[in-house]
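Peer 1: One letter stands for each residue in the lines below.
Number of protein chains: 2
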Amino acid sequence: MPTGVPMANKQAKSSGFQWYCFRKAEGNQMVKRVLVVGGVAGGATCASRVRRLAEDAEIVVFDRGPYVSFANCGLPYYVGNVIEDEKKLLLASAELFKARFNIEVRTDNEVLSIDRERREIEVKRLQTGEVYRERYDALVLSPGATPIQPALPGADLPGIFVLRTIPDSRQIRSWIDDHKVERAVIVGGGLVGLEMAENLSRRGISVTVVEMLDQVLAPLDPEMAEPVQEHLIKNGVTLHLSDPLAGFEQSSAGGLVVKTKSGARLPAELVILSIGVRPEIKLAKESGLEIGNRGGIRVNEQMRTSDPNIWAVGDAVETQNIVTGEWGVVPLAGPANRQGRVAADSICGRDSKFRGVQGTAVCGLFGLTIATTGANEKTLRRLGITGYQKIYLHPAHHVAYYPGASPIHMKLLFSSDGGRILGAQAFGEQGVEKRIDVIAMAMQNGASVFDLEEAELCYAPQFGAAKDPVNMAGMIASNVLRGDSAMADWESLSSTKALVVDVREAEEFSAGHIPGAINLPLPQLRSRLNELPRDREIWVNCVVGQRAYYALRLLRQRGFTVKNLSGGFTTYKQIERRLGTAIGTSAT
Amino acid sequence: MPTGVPMANKQAKSSGFQWYCFRKAEGNQMVKRVLVVGGVAGGATCASRVRRLAEDAEIVVFDRGPYVSFANCGLPYYVGNVIEDEKKLLLASAELFKARFNIEVRTDNEVLSIDRERREIEVKRLQTGEVYRERYDALVLSPGATPIQPALPGADLPGIFVLRTIPDSRQIRSWIDDHKVERAVIVGGGLVGLEMAENLSRRGISVTVVEMLDQVLAPLDPEMAEPVQEHLIKNGVTLHLSDPLAGFEQSSAGGLVVKTKSGARLPAELVILSIGVRPEIKLAKESGLEIGNRGGIRVNEQMRTSDPNIWAVGDAVETQNIVTGEWGVVPLAGPANRQGRVAADSICGRDSKFRGVQGTAVCGLFGLTIATTGANEKTLRRLGITGYQKIYLHPAHHVAYYPGASPIHMKLLFSSDGGRILGAQAFGEQGVEKRIDVIAMAMQNGASVFDLEEAELCYAPQFGAAKDPVNMAGMIASNVLRGDSAMADWESLSSTKALVVDVREAEEFSAGHIPGAINLPLPQLRSRLNELPRDREIWVNCVVGQRAYYALRLLRQRGFTVKNLSGGFTTYKQIERRLGTAIGTSAT
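In order, the protein sequences belong to chains A and B.
Heads up, the first sequence is in our numbering, so the first residue is 1 and it goes up one at a time.
Heads up, the second sequence is in our numbering, so the first residue is 1 and it goes up one at a time.
For reference, chain A alone in the conformation it holds in the complex (with noise of 0.2 Å):
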């Protein structure tokens, strides 16, 4: 074991001498003082790890609400029922951190100026007023962001709730109780608003959400988004999509109406703000701290800000996403954590580093599960990149000779040039969180498509295939990339002058095809290749793309130009409504 070596601070810091606070620390020679703002995820996390590398660091953690560490991303379940104590949402008290980690937490104090030079902060002992200034070595911010609220009339309305803390969660438990809520509109379809909807219908009341985009879930590709769109619908929930909030009125009855541009005026007795959070940084831009340009705090690798004493952690800070580079704002607990054991690592003098976001999300709503990791097209698209194809496909999550299997219905994004993966989004009832880790820890380690393909999972019919679900996407992009295979374009669809060849069974076919296809059945394909055109673009499509490729295979090889309709007919149902009516017109 190293023993302690003292070392002047800056000086290790420069030298990059990775172990440097832990030989001083276990040396017991360095004492520091490290004040926190913030004590939720990235600040607990951050101010727990400076302690176990430090054990004679003076530790603050100042919060102006009434918790530390708690389970934000538990309150829509607390207000759904699902979890009934409020006291499990605590995932450590004050008291806990004193004794177990020596940690001085300071709830209910708000620090409202950073003295940068004099190396201070001030803080607001809110019980009482009182004002007083607090000496550090090394600050954190980790403030968190807060809920968009919108500037239109009748916002301050009660009964208008966002949900961020405990306190929130509370308030609107008591109100569905007091005010026998039985309709609520959620204005925001996101992560944490189209939860609140599955929460509230989960406690009978009449759920609508209202959305300025036209889809929900933006993390998602519209096409992907629409099914689940279809599953909130089929399960009760109102949605209004492309229709910006207007504002709100209280109604004759005591209750509220809720107002949208499209003139729709939405009865309800509860309303919940889910639009978005900003980060709070308020703090950081009045002590002239350095704010990226999508409006979080800038930090570098070790999470350190534009000034050398004050690092950044959580929702409120820049980030780097990895695939893409692009900066941004992500309010995710994962990575919050992360950052808080960068920043302690940094300010104990380790060269740690925050490798950037890779934006994998789950939700799951009613049954499904939407997960998602790397970038979507719309993003690729916004930033002009145009090196990359996709796939669509529909595997069962396990095999399906064993009871209960259920498709998993996914998107793959990879680079044209080598097959690096850029992104999966995928949603389904069983399986699906899995298979975007197993995607997600692949991207980690930049893998390619290939990767995927000889990928050895685990397989027991109950829990897989021998092909499983990731090796499926793999290879289909594996073969698109290799030539033996090539996607068509389904934007293209009523535009193609390509023939539709729908190679599934008679009964498939006549039970519903898309509009303007023939049909050819694979196991007369061969007898009939006559049939087909040499001088036109053919499109195959089946249910979910296999017949299909093998009848590319077999046409290509015959001399025709073909191309598959990724995900074949399951694909075409999820996206019909999205491809408009214009369809099969040139195809017939």
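Careful, some of the hints might be misleading.
Chain copies aren't distinguished; within one or between two, either way the pair holds.
[Unchecked claim] No more than 20 Å apart at the CA atoms, straight line, and that leaves these computed lysine to any residue pairs for SDA-like:
1. K563 <-> S495
2. K98 <-> R558
3. K88 <-> Q462
4. K563 <-> S416
5. K98 <-> P521
6. K88 <-> G404
7. K124 <-> I148
8. K32 <-> R526
9. K87 <-> W490
10. K573 <-> S416
11. K98 <-> R526
12. K98 <-> R33
13. K282 <-> R355
14. K563 <-> Q524
15. K124 <-> R534
For the record, the hints were derived by calculation from the structure and aren't laboratory data.
Since the model is a prediction, treat every value here as computed from it, not as a measurement.
Following the hints, position chain B against chain A.
Peer 2: Same frame as chain A, but now just chain B:
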């Protein structure tokens, strides 16, 4: 799209021009005759992929059984009536192969010999006895493996079965129905044996498992198998471990008696032999193909045997383990499928390579999921590999505050130098296979435990945690490698001079603790340092190792010499029996 460029076969192969077959095929120049011996998993995959790459090839699949491409992994569940319809096990019929792929399948046709000089095989039509010959350009051996039958007295008595084919499972089902089976003995506690134990139990049969090793599930290390054994016992399965089979007798009542070396006489109406499988190498051996020293057919990375015109895939071949480099026979469907694809590519002149096997496997037993990937510690020891470390952990499969959290018990092995992941084993009720799959993917890309620490995985309360079990494994292992923590060796617990300090609360300690341990709750540690020895190593423990880690950090920074008993009291309880009675005697 590339067009056909005729090239001589030999040249193409040696030139390494990857798209040879594709170009040839799409140019419609190449005609080959490809014969495949064995039509399950690898063989079926290979045949259909050859078709996709070479429309003009003549492809014939021979199988001495009545079926091709059946779901052998589903057989235990068919016996257990989870899968009720036998037809579901037939993944593809001979008719489907013909209609869809223009592949001729000859079931009930046994290949007797190979004339390598003439490139011909001799085939027997089993129903008529007729023997005929077929010429090949490429021959693929996919003969599978046969269940090992013990050469013991009574082994041919009626009521003794193996389970490898659909007819096998049909016979077992009939036997159960016709003989009112109430008691069954399964010989062999491997994956299939235990799946059978579960499925026979499901049918109300009382099951005893006889195993010559001192543990079930050989892919697990013994201390990880121990709790699985207890789980089996709790679910009514009787285990006879370290007790080799001695023979069988007919009982006076008309049933069977299974005799073991220890002298046990186990009455049963049904016996399943699940001792393992032996690669089916008769054909390969008699034709002079190279056999490896693990008893399987030797192949190169292209799955080519020592004869350049013969390929072999599946359970009959030896493959190299990507962690240990060791050759072995791995009878798993996933690798067999990948091998089939590689062989097809190679036959068609592509330079695909089989990357080796990783040993990823999963098993579901009475609600418990057991999964593993990579090498276990037994294997590392057997190979004399010493530069590794191990950790145990027991994270909840999702956040504890969300209802229904259940622990995942995990062991992670990693290299001391650099932290390369060597293997992981885990069991638990939920989310087990997900974590093993993520680690399997990480291993495939040569990832280290530092990568696990930084993984960004799906998190919502019902799916995981901001620090996912995979992150936790990575953090604990990284802490060890960075020197921030050190793990005590459980196996030295009985002989160590170290003082075992249990840092849990007094109530927890009094409810059960490691013999000889003293109790010093973490919250009191800072004020009671003077009670601890500075001249003696201290081993800390708590429930799972987390509070102990906090204690370790504290004590080390105060100059104590400390190690963590990895996995804490939970691991202790799981391995208690193995550690024996000597524990703690020297620690008092």
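Peer 1: Could you run down the list of hints and mark each one as holding or not?
Peer 2: Consistency of the hints with the structure:
In this assembly of identical chains, the alpha carbons of K563 and S495 lie at most 20 Å apart only when taken from the same copy (15 Å versus 69 Å across copies). Proximity of K98 to R558 under the C-alpha cut-off of 20 Å is restricted to the inter-copy arrangement: shortest distance 18 Å between copies versus 76 Å within a copy. For the identical chains of this complex, K88 and Q462 are inter-copy neighbours only, at 14 Å across copies versus 33 Å inside a copy, given an alpha-carbon limit of 20 Å. In this assembly of identical chains, the alpha carbons of K563 and S416 lie at most 20 Å apart only when taken from the same copy (16 Å versus 50 Å across copies).
In this assembly of identical chains, K98 and P521 lie within 20 Å of each other by CA distance solely across copies; the values are 14 Å between and 72 Å within a copy. In this assembly of identical chains, K88 and G404 lie within 20 Å of each other by CA distance solely across copies; the values are 13 Å between and 33 Å within a copy. For the homomeric pair K124 and I148, neither the shortest alpha-carbon distance inside one copy (24 Å) nor that between copies (77 Å) is at most 20 Å. Proximity of K32 to R526 under the C-alpha cut-off of 20 Å is restricted to the inter-copy arrangement: shortest distance 18 Å between copies versus 78 Å within a copy.
Proximity of K87 and W490 under a CA criterion of 20 Å is satisfied in neither setting, with 50 Å inside one chain copy and 36 Å between copies. Proximity of K573 and S416 under a CA criterion of 20 Å is satisfied in neither setting, with 27 Å inside one chain copy and 52 Å between copies. For a Cα distance limit of 20 Å, the shortest separation of K98 from R526 across copies, 11 Å, qualifies, whereas the shortest one inside one copy, 76 Å, does not. In this homomeric assembly, K98 and R33 come within 20 Å of each other (Cα to Cα) only inside a single copy, at 16 Å, whereas the closest approach across copies is 77 Å.
Proximity of K282 and R355 under a CA criterion of 20 Å is satisfied in neither setting, with 26 Å inside one chain copy and 54 Å between copies. In this assembly of identical chains, the alpha carbons of K563 and Q524 lie at most 20 Å apart only when taken from the same copy (19 Å versus 70 Å across copies). For the homomeric pair K124 and R534, neither the shortest alpha-carbon distance inside one copy (79 Å) nor that between copies (44 Å) is at most 20 Å.
Of the numbered hints given earlier, the model fails hints 7, 9, 10, 13, 15; all others are met.
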